[in-house]
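**Q** Just so you know, the protein sequences line up as chains A and B, in that order.
Under my numbering, the first residue of the first sequence is numbered 841, with each subsequent residue one higher.
Under my numbering, the first residue of the second sequence is numbered -2, with each subsequent residue one higher.
The hints are simulated quantities; they were obtained by calculation from the structure and are not laboratory data.
These figures come from a predicted structure and were not determined experimentally.
Hints are all accurate, no fakes.
Covered, in the sense of this in silico footprint (three residues per stretch, anywhere, with C-beta under 8 angstroms from a C-beta of chain B), are these stretches of chain A:
no. : segment
1   : 1022 to 1028
2   : 1048 to 1055
3   : 1072 to 1082
4   : 1091 to 1097
Note that the Cβ used here is the ideal one computed from N, Cα and C, for glycine as well.
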Amino acid sequence: MALLNIRNLTVKFATATGSFTAVDGIDVSVDKGEVLAIVGESGSGKSVSMLAVMGLLPDTATITADEITYDGQDISNLTPALRRKLIGREITMIFQEPVASLNPSFTTGFQIEEVLRLNLGMSRREARARALELYRAVGIPEPEEKLKAYPHQMSGGQCQRVMIAMAIASNPRLLIADEPTTALDVTIQKQILDLLMKLQEDYGMALILITHDMGVVAETADRVVVQYKGKKMEEADVLSLFESPQNPYTRALLSALPENATGDRLPTVSDFFTQEAAG
Amino acid sequence: MTAVVEGRTIIQDYHIPGGLFGGAKTVRALKGVDFKVEKGKTLAIVGESGSGKSTLARVIALIDAPTGGELLIDGQRVDISARRPGPEMRSKVQMVFQNPYGSLNPRQKIGDVLMEPMVINTQVPAAERRERAEAMLKKVGLQPEHFNRYPHMFSGGQRQRIAIARALMLNPSLLVLDEPVSALDLSVQAQVLNLLADLQDEFGLTYVFVSHDLSVVRYIADDVMVISKGEAVEQGSREAIFADPQHPYTRQLFAATPVTDVSAIRTRVERRRLARAGAV
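So that you can see chain A by itself, here it is in the shape it has in the complex (with noise of 0.2 angstroms):
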């Protein structure tokens, strides 16, 4: 069965000249301890659809959907006591600028304590010594020492290893990662994505990662959904997208990469409309 399932997802913002579709009818489920990719351009919707998920769209947002479930429950209407009792200890969440998601005022340290407090419930002393043993698991070195800095005084992937270590520290069934690795470099994505990837597997925790990178989504995903300006394009397991795109689209994304130009000239999304439009 799946853990989150979702079906004929709409959302719809309110806006000075009319309501904008973000999100047009999508169908999204992961299973447990799988690795599901989102992947799809600015514009694509794929961040807004998991932000209606943990309620963290503005009130402008119009959310409708047959069917929000996680772990066989409707999650759609809880009151908000319940759905904090849900999103930071079941499904958690990281975000793309790990330095702007931590608050520069106080140490990382009191920020994953804090968070072991008030979700998990636990006393100083045990908040203290479980941010060191999660500091240590997420890889952060000289942990005791980090505890004590503060955001700035760290780099960004460090302070998205801290991000990580408060996502997994209620040991979530499932982890929504939202282009965890965009500001990072390529070296430090590689860490991170692996820290991902062994943290899914040792926890065997579903992974959700939103994405624009490719190169990201066939290092990681078990499963791909594509989207495109709101709608689902395209679907499949990974190996099977990227042998054999079904979708336009998928072929467009995929040729553009770089690496697989063949010409001088990378074709173009708009290329390939064309071309499917005249034949």
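Please arrange chain B on chain A, whose structure you already have, making use of the hints.
**A** Okay, now just chain B, sitting in the frame of chain A:
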């Protein structure tokens, strides 16, 4: 053939002034870098954040004066700390920045963005300035009716086209591009890379292309310089570096770059399947 731009042991120090709790410090961001780019060629500078690649780009673009070393443009020594470069020199070297949201003034219309370099550096009359700006808009794939619009009305890819158009207004011979496509989506990135290739052919432009993305570098560069901690650890033709990287740091970069190759994916999927079967 003389090089369009040449650097000899370029050194750049940054001074961090002492504050209440510490003394002044000097950080050496570039530790003596040599390079040379010939006309119509593209040199890619590859490195991670903090490696000094953007520092080098700013030195080449005549924005910052290096602490030491010589910079030659068209065989002529340029030292901006001694004398401000004149309009002629400014016209030769132009720069495109990474973030097209930050590099355009939100209160300036696109037409004014494009005409400003001419107002500052040339005597071209107003009517001709407008004509040239409209022609340049077309050249980079935008429409003349975009002339009176503001930057917020454009997408990221369109803004980067505008930034490129602005850099080309003075007919430069050298364009310094600091991560010009890393803020863009994959398909838009392809369009901008195509545009850069077309413009290079048409105007015989020389590019210094700063990037951290090896797949982009492989596509666009003729020569590659790998920079780490302020030192050029490896330099050579694109073919040589991609076929046989010598320096451990270059190899590390290659190893970290994600591969989208089907056989590599098959191996990974298979390994994962076995690991799971073993776990159960």
